[in-house]
Amino acid sequence: MIPLVLFIVLMTAPAQAAEKSRGCFESKLCIGGVTLATIGGFVAADEEINRWVRNGRRGGLGDILGQGFGDDGSILDRLGGVTGAVGVPALFYLGGVAADSDRARRTGVTTFEAIVFTGLLTQAAHYTFGRSRPDNPDTSGVRRFKPFQREGFFPSGHTTLAFTMAAVIAEEYESIWVDAAAYTTASLVGFSRVYRNRHWSSDVAAGAALGIIGGKFISRWERKKGLLKKLYTDGSGVFFKNKF
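Okay, so the sequence shown: first residue is 1 according to this note's numbering, each after it adds one.
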C-alpha cells in the first residue's frame, strides 16, 4: 500500500503547492525548473520504482488493490481513455444545461478544449521521444528512446488526459474537496499505468505535468478570451473568478 500512497502524494502535492504559490506558478522559469527536476528525478528512479511496484503487486499491494486494478476496460482505464475524454466534458455540459448552470457548462466546454490541446501535444511528444513501454520485450531499460522512428509512449496519454480534466475542474470549482477528489482520481489513473507495467513512472510524471499545466492554461485562456462563450452562457452573465 505504501507505493500507492507515496505516488498519490508525489502527484498531488506539486499541484496543490502551485495553487497556493501564485508567484511561482506565474513564473515560467519556476514552472519549467520544478517540472523538469521532478521528471528527471522520476527518470533516475524509474527502474527502482518499477521493481518496487511489481514486488508490491505480488505482495500486500496486490492483496489490497487486486490483480485487476487498472485492467483494460476498468473504470480507471476508461477514465483515462476515449470514454473519459468524451464522457466527462459531456457530463458537465449536459448537467449544466439541466441545472441551468453557466459554470458547469463552461467546465464541460473548457475541459474538452483542454483535452484536445494536451492530446495533440501528447501525440507529438510520443513521436518525438519514441520511448517504449516497460513491458516491451524488445527494449532494454528505461532509457530506450528512438526519436522520430516509431510510436512512443512518453508521456502517458491516460495520465495526461486524467490530469487535464482534474486541472480544469479544480480551476472552475474553488473547493479543497473538489481539488482533492479530482487530483487523487487522476493520480489513481496514473498509478494504474505503472501498476499494470504499461508505463514508467517518469512517463506518468510527465503526463501529470503536461495535464496540469495545459489544463490550467486553457481554463484561464478561455476565461479571459471567452472564445466559446456562446456555448456556455445565455447572456445573463457568466461567473468568472480567478483562482491561484
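Hints may contain errors.
[Stated by the list, open to error] The list that follows gives simulated cross-link-like pairs (lysine to aspartate or glutamate, EDC-like), each with its CA atoms no further than 20 Å apart:
id, residue 1, residue 2
1, 146, 72
2, 224, 135
3, 224, 174
4, 146, 135
5, 225, 135
6, 225, 47
7, 224, 102
I should point out that these hints are in silico values taken from the structure, not numbers from a laboratory. As the structure is a prediction and not an experimental result, all values here were calculated from the model.
Here is how each hint holds up against the structure:
1. 146 / 72: Measuring from Cα to Cα gives roughly 26 Å; hence the hint is violated.
2. 224 / 135: Violated: residue 224 and residue 135 sit about 43 Å apart, past 20 Å.
3. 224 / 174: holds (17 Å)
4. 146 / 135: holds (16 Å)
5. 225 / 135: violated (43 Å)
6. 225 / 47: violated (44 Å)
7. 224 / 102: Holds, at roughly 15 Å.
The structure is inconsistent with the numbered hints 1, 2, 5, 6, although it conforms to all the rest.
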